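We have chain A already, so just place chain B with the ligands on it with the hints.
Residue numbers (numbering that gives the first Met the number 0), protein chains in the order written: chain A, 0 to 210; chain B, 0 to 426.
Please keep in mind that the hints were generated in silico from the structure rather than gathered at the bench.
Please note that the accuracy of each hint is not assured.
Said to hold, decoys possible - Partial pick of chain B residues on the chain A-facing surface, computed with a CB cut under 10 angstroms:
hint, residue
1, K202
2, R255
3, H259
4, S319
5, K320
6, G337
Stated by the list, open to error - Pairs of lysine to aspartate or glutamate residues, derived as DMTMM-like cross-links and limited to a Cα-Cα distance of at most 25 angstroms, are as follows:
hint, chain 1, residue 1, chain 2, residue 2
7, B, K244, B, D299
8, A, K92, B, D332
9, A, K66, B, E341
10, B, K318, A, D50
11, A, K92, B, D311
12, A, K92, B, E257
As the list claims (entries may be wrong) - Here chain B is said to cover these stretches of chain A; the calculated rule only asks that three of the stretch's residues, wherever they fall, bring their Cβ under 8 angstroms from a Cβ of chain B:
hint, stretch
13, 25 to 39
14, 42 to 48
15, 51 to 60
All figures in this text were calculated on a predicted structure; none of them were measured in a lab.
Note that the Cβ used here is the ideal one computed from N, Cα and C, for glycine as well.
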Amino acid sequence: MGAPGEFNLAALARYGNDFLAEVEERVEEGEWVKMCMQCGVCAGSCPFGPDWEHSPQKIFMMIRAGKRDEVLASDSMWMCTSCYNCVVRCPRKLPITQIMHGLAAYAHRLGLAPKMQPTRRWSLLFWDNCTKTGRVNELKLTLGLYFMDGIVAGFKQAWTLRNIGLGMLLAKRLNPFELIRGHECKDKAGIHRMLKKAAEIEARKRGFAKP
Amino acid sequence: MTHAVATNQTILVVGGGVSGMTAALEAAECGRQVLLVEKTPTLGGRTALLYRYFPKLCHPTCGLEINLRRVKASRNLRVLTQAEVTRITGARGDYSVALKLAPRYVNENCTACGACGAAVEATIDDPYNYNLSKMKAAYLPHAMAFPQRYVLDPSIIGTPDGEKAKAACRYGAIDLGMKVESLEIRVGAVIWATGWRPYDAAKIQPYGYDRYPNVITSLEFERLADPHGPTGGRILRPSDGREAKDIAFIQCAGSRDENHLRHCSRICCMASLKQTQYVREAYGEAGKSTVYYIDIRAIDRFEDFYSKVLADQTVRFVKSKPARIAEDAGTRDPVIHGVDTEGYHRYATRHDLVVLAVGMEPSVNGADVPHEIVADSSGFIESAASGGFFAAGCASNALDVNRSVQSATASALRAIQIVRKADRVEA
Ligand SMILES: Cc1cc2nc3c(=O)[nH]c(=O)nc-3n(C[C@H](O)[C@H](O)[C@H](O)COP(=O)(O)OP(=O)(O)OC[C@H]3O[C@@H](n4cnc5c(N)ncnc54)[C@H](O)[C@@H]3O)c2cc1C
Ligand code: SF4
Ligand code: SF4
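Extracted from the complex, chain A is given alone in its bound form (with noise of 0.2 angstroms):
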């Protein structure tokens, strides 16, 4: 991926003020934000919604309304805990969780989306945890998440929930030794071409810089 703050200049420059445009060829799944009929079911159906500033409703009024800062700034999409409450209840079937996700995602990788939000740094750690072996190493993943806010608070997190570790161990359910050499999946290079492959398809279908 190229420099964040470059790709997000060069996106700017090809669609002036038109962010609808932007996100129709750019988001997952944007294409269908056009048809959202701002009849407000899913700010009224999600669970989290009075806990989020915006609501999926709101976001495609802002997206159409050119508020690009805003919309890419926004924590609410990271809100989205995909329940899909809104989704099966959307009098025009849009995919509104899967836009969400194309949303926050489109935002990390123009560098815009907030930095400290909790979960995208959790969906940062799953992902290269996932994807440097080809598989989840729990125990690293689960530690990973342990200290993501310093030490402290990692042996902290972990004394509390002390029992529990000890209960997965006494039924093989936690091996500690993943920690030094955790499983990989058998063919790790075919794995890494394929993701590679993967984001250079993405990259070419959205116009994205060269992975």
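Same frame as chain A, but now just chain B with the ligands:
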């Protein structure tokens, strides 16, 4: 009645609502032979079950009465009730039609004196009040029913109640031995006017029509407001019989929704605007109506009506399609949850009663018509390959009464053109 002879110069009209009656009368009054076939025991269709008509707020009885007088006066029109079409074959100018006639168990001698109804004890759901009340199993469908003749429900045939009805009749009008009959006829053209049915509100899961007694449909509301209805015209809550004064109307309940009906039902905005005026009529300034809407579609000249309702202080408009309805466990008050589009405010608003402005779907969905037809994605009939088969009124689209009548008149004209051609060929 079963020896209704028809020829290929006859026009068959299926469905005796306002559309079918209009089409049949227009053609008959032009001198054509017309056979009008209605499935239920009475003409009138759904409009007979409305309290008032928009836009003028007159009572449906008025228009119905004029039409019924025309029916009685017309020598070219024959009416078959409790009759259904089971098959139509042939092509324009020459169709062969199979009919099935259900027994009424009451013959022409009936004077509608009501003695059988008084004698019978069994009761059945009253479909003319959308099952909000019960009626005797020997009944006159409603005050404006045509023909004015009682009907025995098949459930009492062979029971002591059936015998009681027969014994009570002083005119020898009850014939318990009537059977289902079949009939084959020839006609030149067919007008299909089977109308609409309300979308099943229980399918709109988040609104809880099947769970909350104080969530009702717009059709049920018409019956509550009607003095001939189950509550004598008082707007009472189903849960506790208390007067409902704070009433919410939810638009597009099932319409404009890919999960339900794709089309705009076109009349429900006007129906709700009209119904806010029932609330005002009942309570004056003390009544309160709230209309939840995506956008109000009061088409062409109905805009005037909308403007009047907008100016009414007792009516509030909230631009929002509610996400869901909950129920207050203690009071059984429905609570509407959603977010409005003008400001994105989250609300949870309590009301006494919620009326769902349910959508219209074709009463006989395209696939069920016993003839090869072309229907749109909602099942409304567009045309038929055979060339002499026309849809009228709500069988062709979601229409108000005025537009149904226009569509019926147009189809009468088309049918007349067909049978006139048949005329010339024979001559
Ligand atoms: C809540 C509500 C309020 C409304 N208020 C108004 C209003 O105020 N003003 C207005 O202009 N419009 C109003 N409408 C619209 C109005 O009801 C329709 O325009 C009207 O009923 C259309 O008449 P129709 O004859 O096409 O259909 P219908 O009234 O449905 O009549 C169809 C007839 O065909 C019969 N039938 C059905 N299937 C068969 C079959 N297989 N064989 C034989 N017969 C059959 C039925 O029994 C019925 O008698 C309202 C609608 C709703 C939902
Ligand atoms: S439910 Fe669908 S149509 Fe309604 S506001 Fe949300 S995205 Fe738009
Ligand atoms: S007429 Fe109004 S309530 Fe009915 S479907 Fe159309 S917009 Fe919705």
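Here's how the hints hold up against the structure:
With 10 angstroms as the threshold, the beta carbon of B/K202 stays out of range of chain A, its nearest partner Cβ sitting at about 13 angstroms, so the hint is violated. Satisfaction of the interface hint for B/R255 is found here, the shortest Cβ-Cβ separation to chain A being roughly 6 angstroms, below the 10 angstroms cut-off. The interface hint given for B/H259 is met, as the beta carbon of that residue sits about 8 angstroms from the closest beta carbon of chain A, less than 10 angstroms. Because the beta carbon of B/S319 sits about 4 angstroms from the nearest beta carbon in chain A, less than 10 angstroms, this interface hint is met.
Checking B/K320 against chain A: minimum C-beta separation of about 4 angstroms stays under 10 angstroms; hint holds. With a cut of 10 angstroms, the hint placing B/G337 at the interface with chain A holds, because the nearest CB-to-CB distance is about 4 angstroms. At roughly 31 angstroms between alpha-carbon atoms, B/K244 and B/D299 are farther apart than 25 angstroms, so this suggested pair is violated. Taking the CA atoms of A/K92 and B/D332, the gap is near 30 angstroms; set against the 25 angstroms cutoff, the hint is violated.
In summary, the hint linking A/K66 to B/E341 is supported, as the alpha carbons are separated by about 18 angstroms, within the 25 angstroms threshold. Of the pairs offered as hints, the one joining B/K318 and A/D50 holds, with about 22 angstroms between alpha carbons and a cut-off of 25 angstroms not exceeded. Taken as a hint, the A/K92 and B/D311 pair is broken in the structure, with Cα atoms around 35 angstroms apart against an allowance of 25 angstroms. For a cut-off of 25 angstroms, the pair hint linking A/K92 to B/E257 stands: about 6 angstroms separates their Cα positions.
Counting residues of the stretch 25 to 39 of chain A whose beta carbon lies closer than 8 angstroms to any beta carbon of chain B gives 4, which reaches the threshold of three, so the coverage claim holds. Remark: the stretch 42 to 48 of chain A is confirmed as covered by chain B, as 4 of its residues place a Cβ nearer than 8 angstroms to a Cβ of that chain, reaching the required three. Proximity of the stretch 51 to 60 of chain A to chain B, defined as three or more residues with a beta carbon under 8 angstroms from a beta carbon of that chain, is established by the 3 residues found.
Hint violations for this structure: numbers 1, 7, 8, 11, all remaining hints satisfied.
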